[in-house]
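Given next are the chains, with one letter for each unit.
Protein chains: 2
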Amino acid sequence: MPEYVVPTARRRRGRPRAGEPSARDDIVDAAVAEFADLGYDGATIRGIAARAGVDSALVHHYFGTKADLFGHTIGAPMRPDVDIPSMLGGPRDVLGERIVRYVLEAWERPEVQKRGVVLLRSAIGNKLATPLLAGFLSRELLGRIADALETPDAALRASLVASQIAGLLVARYVLKLPALAAASVDELVARVGPNVQTYLTG
Amino acid sequence: MPEYVVPTARRRRGRPRAGEPSARDDIVDAAVAEFADLGYDGATIRGIAARAGVDSALVHHYFGTKADLFGHTIGAPMRPDVDIPSMLGGPRDVLGERIVRYVLEAWERPEVQKRGVVLLRSAIGNKLATPLLAGFLSRELLGRIADALETPDAALRASLVASQIAGLLVARYVLKLPALAAASVDELVARVGPNVQTYLTG
Chain A
1 MPEYVVPTAR RRRGRPRAGE PSARDDIVDA AVAEFADLGY DGATIRGIAA
51 RAGVDSALVH HYFGTKADLF GHTIGAPMRP DVDIPSMLGG PRDVLGERIV
101 RYVLEAWERP EVQKRGVVLL RSAIGNKLAT PLLAGFLSRE LLGRIADALE
151 TPDAALRASL VASQIAGLLV ARYVLKLPAL AAASVDELVA RVGPNVQTYL
201 TG
Chain B
1 MPEYVVPTAR RRRGRPRAGE PSARDDIVDA AVAEFADLGY DGATIRGIAA
51 RAGVDSALVH HYFGTKADLF GHTIGAPMRP DVDIPSMLGG PRDVLGERIV
101 RYVLEAWERP EVQKRGVVLL RSAIGNKLAT PLLAGFLSRE LLGRIADALE
151 TPDAALRASL VASQIAGLLV ARYVLKLPAL AAASVDELVA RVGPNVQTYL
201 TG
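These protein sequence lines map, in sequence, to chains A and B. Sequential numbering of the first sequence, starting at 1, is according to full-length UniProt numbering. Sequential numbering of the second sequence, starting at 1, is according to full-length UniProt numbering.
Hints may contain errors.
Cross-link-like lysine to aspartate or glutamate pairs, in silico, DMTMM-like; alpha carbons within 25 angstroms at most [claimed, not checked]:
| hint | chain 1 | residue 1 | chain 2 | residue 2 |
| --- | --- | --- | --- | --- |
| 1 | A | 176 | B | 153 |
| 2 | A | 176 | B | 93 |
| 3 | A | 127 | B | 37 |
| 4 | A | 176 | B | 147 |
| 5 | A | 176 | B | 68 |
| 6 | A | 127 | B | 81 |
| 7 | B | 176 | A | 25 |
| 8 | A | 127 | B | 68 |
| 9 | B | 176 | A | 140 |
Covered by chain B, per the in silico footprint, the following chain A stretches (three or more residues, Cβ under 8 angstroms) [claimed, not checked]:
| hint | region |
| --- | --- |
| 10 | 54-68 |
| 11 | 129-136 |
| 12 | 190-197 |
Just so you know, these hints were derived from the structure itself, not from any lab. For every residue, glycine included, the Cβ atom is placed at its ideal position computed from N, Cα and C.
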């Protein structure tokens, strides 16, 4: 399988050929770059199309509005639909550690971290984007975790986990608080994992 | 002492009289409203001055640049310089609960919540504003807490506390995750306080 190549405007001048498999991915990559550079408010479908080297009409065709496209950038390239059930299937007494390690190891990958920081900045910074992140969290993460817990207060427990994970990501990767930015993944798993476990089963 | 009255443009047409005690407060209130409505990027000194009913020159005179003014809106009307030392002086084994209760009870007050949500949205959403919040946290909160802990890993412990508190505020007041938004302060103090305590002394 050929290695993934970041598209350039030159490669994609005009409409892509029908059936070209990566046009959607190229547009999502371009959207992440546009949101990162200009913020949610400043980003435009026209600008995203130009970065991807496609017509604006194709972006609308695949993804609808700017809000729809932003929604598509959430989560990818993480795969919570696959990974969360896999995590929930392991030993229940160290589930907190597994969740923290899964999230941090994903965010240590530069492409995830860049996209994730854009997502957090856009979703928290913009009133229109906030419900998109809240909806993604509820649908993809909290619901799955709450279902697995099978307790009456499962929704609150799952939401408390989300509060700690979101706060950890903001503090380490957005605010870059020095002591948190310098800590190793292992150190953070050891410190935060047990607290997440307490929320889940304490 | 007269009750504080929200200023109107009519009351403050033109330059305020010299020595008028609340002009600075009026400008900060106007800044909060402007940041809330337009975001950090959209807010202007001119717009803030218009809301406060003063000249732009007076805003510059009191607060300098937009970034400086944003910095002034952080923290107020909480008083961490007074409250944090007072909290740190109480029983050490329930410090986590005290911190969570202090923050949540403050944020339940509408004027604090409105200002706080603006602050979080602006500081996380905008690259120029992020260091202002990170600096405030380090200077006003983390340093004070770390000093009180007197352990070699105090900076990391204090930063982990900040990650949980920031995540709780984002999840409850910005994302408004339903189970978290519906929970009482007492319930959240009981669930989150012990975890904050673990970060501090565990």
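We went through each hint and held it up to the structure:
no.	hint	result
1	A:176 to B:153	17 angstroms, holds
2	A:176 to B:93	29 angstroms, violated
3	A:127 to B:37	10 angstroms, holds
4	A:176 to B:147	20 angstroms, holds
5	A:176 to B:68	20 angstroms, holds
6	A:127 to B:81	31 angstroms, violated
7	B:176 to A:25	31 angstroms, violated
8	A:127 to B:68	24 angstroms, holds
9	B:176 to A:140	16 angstroms, holds
10	54-68	violated (count 0)
11	129-136	holds (count 3)
12	190-197	holds (count 4)
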